[in-house]
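Going down the list, the protein sequences come from chains U and A.
Count along the first sequence from 1, add 3, and you get the number used in our numbering.
Count along the second sequence from 1, add 3, and you get the number used in our numbering.
Simulated from the structure, these hints should not be mistaken for lab results.
Nothing here was measured: the structure is a model prediction, and the numbers come from that model.
Covered stretches of chain U, going by a simulated chain A footprint (3 or more residues, C-beta under 8 Å):
1) 182-190
2) 334-343
Quick list of simulated restraints, FRET-style, between CB atoms:
3) L268(A) to D270(U): 48 to 58 Å
4) E615(A) to V149(U): 13 to 23 Å
5) E241(A) to G256(U): 48 to 58 Å
6) D270(U) to G213(A): 17 to 27 Å
7) A402(U) to A8(A): 36 to 46 Å
8) L268(A) to P81(U): 48 to 58 Å
9) G213(A) to H269(U): 21 to 31 Å
Here are the simulated lysine-lysine pairs, DSS-like style, with alpha carbons at most 27 Å apart:
10) K383(U) to K623(U)
11) K196(A) to K623(U)
12) K623(A) to K383(A)
13) K623(A) to K384(A)
14) K623(A) to K196(U)
Note that the Cβ used here is the ideal one computed from N, Cα and C, for glycine as well.
There are 2 protein chains.
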Amino acid sequence: MTEAAEAADGPLLIFTPSGRRGHFPAGTVVLDAARSLGVDIDSVCGGRGICGRCQVRPMTGSFAKHGIESSAAHLAPPGAVEADYELTRAPLIEGCRLSCTTTLLGDIVVDVPPESQVHRQVVRKSIARRAFTVDPVVRLHYVEVVPPELASPTGDLGRLFEALEREWSLTSLAADLHVITELQPALARGGYKVTVAVHAARQVIAVWPGFQDRALGVAIDVGSTTIAAHLADLERGEVLASAGVMNPQIRFGEDLMSRVSFAMLHDGGAAEMTAIVRAALADLVADLAAQAGADPDHILELTVVGNPIMHHLLLGIDPVPLGSAPFALATDRAVHARATELGLDAINPGARLYVLPCIAGHVGADTAGVMLAETPYRSKKMTLIVDVGTNAEIVLGDARRLLAASSPTGPAFEGAQISSGQRAAPGAIERVRIDRETLEPRFKVIGCDLWSDEPGFAEATAESGVTGICGSGIVEIIAELYLAGILTADGILDGRLAARAPRVIADGRTFSYLLREGTPRILVTQNDVRAIQLAKAALYAGVRLLMDHLGIESVEQVRLTGAFGSQIDPFHAMVLGLVPDCALERVEAAGNAAGTGALIALLSANARREIETQVRRVEKIETAVEPRFQEHFVAAMAIPHKTAPMPNLARVVELPLPTPPDPEATSGRSGRRRRSRTTDDERKMAREEFR
Amino acid sequence: MTEAAEAADGPLLIFTPSGRRGHFPAGTVVLDAARSLGVDIDSVCGGRGICGRCQVRPMTGSFAKHGIESSAAHLAPPGAVEADYELTRAPLIEGCRLSCTTTLLGDIVVDVPPESQVHRQVVRKSIARRAFTVDPVVRLHYVEVVPPELASPTGDLGRLFEALEREWSLTSLAADLHVITELQPALARGGYKVTVAVHAARQVIAVWPGFQDRALGVAIDVGSTTIAAHLADLERGEVLASAGVMNPQIRFGEDLMSRVSFAMLHDGGAAEMTAIVRAALADLVADLAAQAGADPDHILELTVVGNPIMHHLLLGIDPVPLGSAPFALATDRAVHARATELGLDAINPGARLYVLPCIAGHVGADTAGVMLAETPYRSKKMTLIVDVGTNAEIVLGDARRLLAASSPTGPAFEGAQISSGQRAAPGAIERVRIDRETLEPRFKVIGCDLWSDEPGFAEATAESGVTGICGSGIVEIIAELYLAGILTADGILDGRLAARAPRVIADGRTFSYLLREGTPRILVTQNDVRAIQLAKAALYAGVRLLMDHLGIESVEQVRLTGAFGSQIDPFHAMVLGLVPDCALERVEAAGNAAGTGALIALLSANARREIETQVRRVEKIETAVEPRFQEHFVAAMAIPHKTAPMPNLARVVELPLPTPPDPEATSGRSGRRRRSRTTDDERKMAREEFR
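Please model the entire structure based on the sequences and the hints provided.
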């Protein structure tokens with residue numbers, strides 16, 4: 004790739020949107036002029052008219068601002084190279100030219116469309132909070148290597164490096180051993196034309212014969228229940244496929260602590276869990292490639308997020324120290340490794356692994372992913388981000404100061420410890436409304452769009468049945484019981500209603516609410532209420548503790564993330580007192596922000612630097628050593644909590660009953676709806692991501 | 004590790020041999036003062052009185068040159084730390100103190116003995132040509148890591164890095180994945196005291212609980228016949244064990260080209276040869292560790308040399324391109340990899356591999372090793388270095404200019420193509436003398452110190468028998484046949500002598516020389532002479548071609564290296580015309596210089612930089628494209644060659660016969676003798692290194 008020399012008396016060439024400009028001699032190649040002006044134009048083939056990434060759009064018309072009359076005719080007419088490109092590869096973008104083969108004739112304004120920019124902005128629909136610039140760590144370069152000659156017996160690798168320096172200004176390169184072993188066959192097959200993948204502008208990690216322009220990566224969120232992943236084009240930033248699988252470690256324990264126990268009690272238990280999660284990852288990556296019709300050999304990068312225990316188990320680190328104080332992480336740095344070190348050997352042997360940094364013993368790389376997706380560290384608004392699982396991971400702050408903590412919510416929100424609780428799966432009740440007058444319920448189950456009182460519900464759920472209540476269903480029903488007056492602020496199911504409401508039934512010395520007759524019979528018991536009270540009090544106490552540290556009484560926005568968090572209805576979450584006071588419309592589900600963070604890290608070297616810096620800046624609060632945590636915890640047992648004024652919630656509760664605003668239509672829940680409309684896979688993933 | 008502040012009115016402290024000096028407050032720790040003055044004192048434990056590497060010797064007496072009266076009493080008397088060191092680890096060196104625990108009381112001269120210097124000079128007896136400074140790429144550091152606290156939930160790796168920065172000024176560190184997985188168990192077992200190995204001051208590649216001060220490495224010379232290796236202490240520079248094994252690839256062909264053919268003709272043939280040589284390497288490394296009583300987990304570095312085909316096969320590179328023009332190497336750069344990539348997984352999982360650079364298609368990393376050991380690029384004398392095998396690798400030049408080439412000598416020097424030829428092994432004839440009068444021979448065989456005409460020879464060789472002639476024996480017998488007048492300068496066995504000499508016998512239309520009656524009957528045939536003529540002519544023509552390039556008619560010194568080269572008797576080599584004109588006393592055997600080079604590269608990062616630079620500087624001459632090569636070749640068929648005046652050789656030939664100077668006592672051969680006296684292993688290796 005060459006640069007052009009400017010010439011004061013030559014035609015004026017102006018690039019948009021950058022506005023860079025210069026006078027060049029007639030006959031100058033547009034791409035060369037762009038290079039010399041530092042204009043961001045992509046190219047893999049090094050200006051040979053092969054890759055088609057350097058397309059630009061000549062503009063015709065009067066550009067008064069620039070003082071020139073631009074015309075597409077001020078570029079030399081298309082020649083054989085462009086004709087050949089269109090014939091053999093793809094049509095050019097409407098109105099565009101290949102800048103590497105197009106020469107300058109007169110004054111002209113040339114636009115560089117986003118498709119042709121190396122550092123293009125990506126605004127993905129499912130990435131709600133931020134746009135970011137694709138800036139992959141791995142880049143492809145097509146080069147023509149000088150063939151060996153008897154008279155100059157140099158090595159092929161050396162000549163490859165020389166070509167990479169000559170054409171791409173890459174210096175101080177090294178190469179993986181497998182690249183050295185594959186190089187000569189590739190050169191032979193490609194007629195000394197090869198494409199290489201270069202990691203961090205330093206290490207040649209892959210080589211292919213001839214021209215090849217697909218560099219792929221996989222962003223993986225290893226949850227305790229589900230492993231979710233996206234396959235993306237590293238240079239174009241597109242997501243090509245998404246998929247999720249169950250984490251097979253579930254057979255060693257549903258929740259994190261039971262897996263740590265398994266590791267503690269069984270020799271080789273941790274290694275066994277490591278082996279099966281790695282195998283699942285390998286299968287998932289193979290699935291993604293198959294789904295996208297992609298060659299696994301083009302997969303060059305993996306990024307991973309996960310909570311500390313998933314993180315440690317995946318990397319082969321014993322998770323036992325995370326099970327007891329002081330909950331020491333083996334590392335809170337980003338981890339760099341080769342994919343083969345995790346046994347991922349069906350992809351390119353040079354593929355690299357990047358694991359986002361963990362933050363603290365209970366605040367993992369998944370939270371780092373959430374931070375990267377949500378960027379609270381850039382926000383002017385005081386932002387609360389909550390990822391609820393067995394532990395709630397809490398991030399609170401803004402651009403000035405950011406705190407993180409973990410609260411031991413226990414598994415109640417995941418359906419464990421609840422009499423009719425279950426994992427989110429078809430048949431699980433996920434939405435509930437209780438009529439304020441009749442105290443009769445209606446509900447929805449996963450896998451069916453109808454409410455239980457709508458015609459056709461029985462038929463539509465015939466296959467799945469109605470099997471239990473999942474996490475978001477539990478939150479709703481407790482909130483609804485409170486709103487309907489069945490549950491007192493102290494969390495007592497009010498037996499006095501048993502007389503007029505057949506749904507309130509005596510159950511030993513306490514009362515239960517009968518959500519559904521039938522098989523199974525689904526009850527909400529006094530114990531269930533207690534379990535949720537404990538869980539929500541722990542969550543709220545953690546949040547409150549961070550608010551104390553910041554000296555604030557309210558937050559300006561709340562983001563609920565994670566498989567459970569993104570399914571919770573913000574209205575019911577506020578009724579229950581899960582989150583502190585905040586305008587309801589500013590409480591939103593953020594989807595699987597951790598997975599989004601992994602994807603951003605996959606596509607951007609800058610994002611990696613950003614999150615590594617931010618993670619070190621975060622103030623880590625250990626709830627277990629803070630005496631006030633217990634105080635907050637006790638105070639937060641009530642429904643809603645008693646520690647803060649609740650003007651917004653009060654307003655919400657006063658909304659005309661019995662027809663409360665349908666959160667599906669207005670609030671955070673819509674986040675998921677919007678997502679679920681994007682692709683079926685994303686909806687499926689969001690469902691399965693219940694960790 | 005800390006530094007001390009100087010104080011103008013404090014006692015004067017002078018270090019020898021560096022001469023560095025400064026005034027420090029009374030009570031200053033001597034090691035701290037040394038650090039602040041930049042004095043080279045070793046330490047692994049960071050000044051904790053554990054490793055004993057920082058010992059210094061206080062001097063007593065008048066140091067007029069420095070103007071002080073020094074006294075050992077000007078250091079505080081030994082305390083508990085030194086007593087404890089002597090009790091638990093080892094006695095201090097005579098008259099020495101641990102500088103890390105010794106404080107300054109008054110003016111003193113303190114000597115730093117070589118044992119306490121990080122960059123100590125090594126002059127090994129078997130490394131004839133150079134001294135070098137130990138400067139290992141891997142260093143050990145003992146550190147005390149701050150234990151984790153609940154209130155500050157950082158990762159153990161981060162706290163390890165902090166300790167390494169605090170105590171050893173190491174920054175920007177990264178760690179191997181296996182180090183991250185091993186770190187917490189090591190910290191737990193070592194009570195947060197661990198020893199780490201740091202590669203190139205950047206990458207933590209190993210971790211052990213507590214104090215550990217053994218960093219080992221293996222230098223390997225992969226020959227086509229023998230793999231020879233040394234196990235060395237990376238920091239102290241000592242060779243702890245040496246061993247050699249047959250290269251198991253021999254079963255796919257004795258010489259290089261038959262192995263290339265095997266790879267060419269059999270699918271997976273190259274991979275098969277790669278697998279078995281790697282397995283042999285693994286066994287050899289395990290043997291070395293066992294022999295030295297060393298823990299294989301302490302092996303952290305490997306260096307490898309080998310000819311291009313051995314180099315490629317070991318690294319898993321198809322050697323077929325090396326079998327035909329243009330003989331392109333996959334790489335002529337040094338290769339860095341992890342030992343596990345070669346399947347060496349019984350040593351430390353962080354162990355690194357460094358393969359010296361190849362120079363050209365037929366001039367391999369073994370020649371780079373030879374260059375590193377012999378340093379012709381530093382010499383003021385015009386130096387010829389020859390490594391004879393199936394190809395002769397030739398390096399010629401001096402500090403100003405250095406040339407390298409390879410000559411296709413064929414396998415005759417290795418005993419192939421010779422009627423009674425065999426590999427160097429017990430029973431092979433390696434020394435021959437022919438009586439100038441009687442034309443009767445006497446000889447010596449490998450494994451026996453007696454000549455065949457001495458009493459007891461038959462008994463001493465009863466086990467091995469007398470089985471054939473090895474390479475050095477062939478060179479001697481052809482030279483002796485010439486000196487005895489049996490062989491003409493044109494290479495004809497003179498049948499006219501058959502009448503008076505029963506040893507000269509008709510053999511079809513030509514004559515043979517009967518070296519030994521018996522079983523087997525050992526003859527030197529006319530064809531044998533032709534084969535050696537062709538081989539020596541090729542070698543000489545290659546040398547001559549390089550001399551042409553330099554415009555010289557003679558060389559100032561000759562070094563014969565490699566398994567064959569170091570066994571050749573320089574006198575007979577000159578008679579035969581193997582090497583160009585040079586004073587006989589300046590023709591020397593250099594032993595296994597390639598292996599020595601591998602050892603130097605193992606022990607010195609500087610040496611690696613040096614050889615990488617020098618290899619790029621070498622002018623590579625391809626004999627096959629030089630028309631003059633054929634001319635020289637034809638001219639060199641005669642014995643001795645006809646192309647150069649031979650004053651020295653003439654002088655040698657005129658030495659009083661029939662008792663020529665015994666080369667065993669005077670010349671290059673003595674190089675091997677000296678070596679063979681050092682250790683039995685080295686002798687064994689030298690024998691086995693016949694490649």
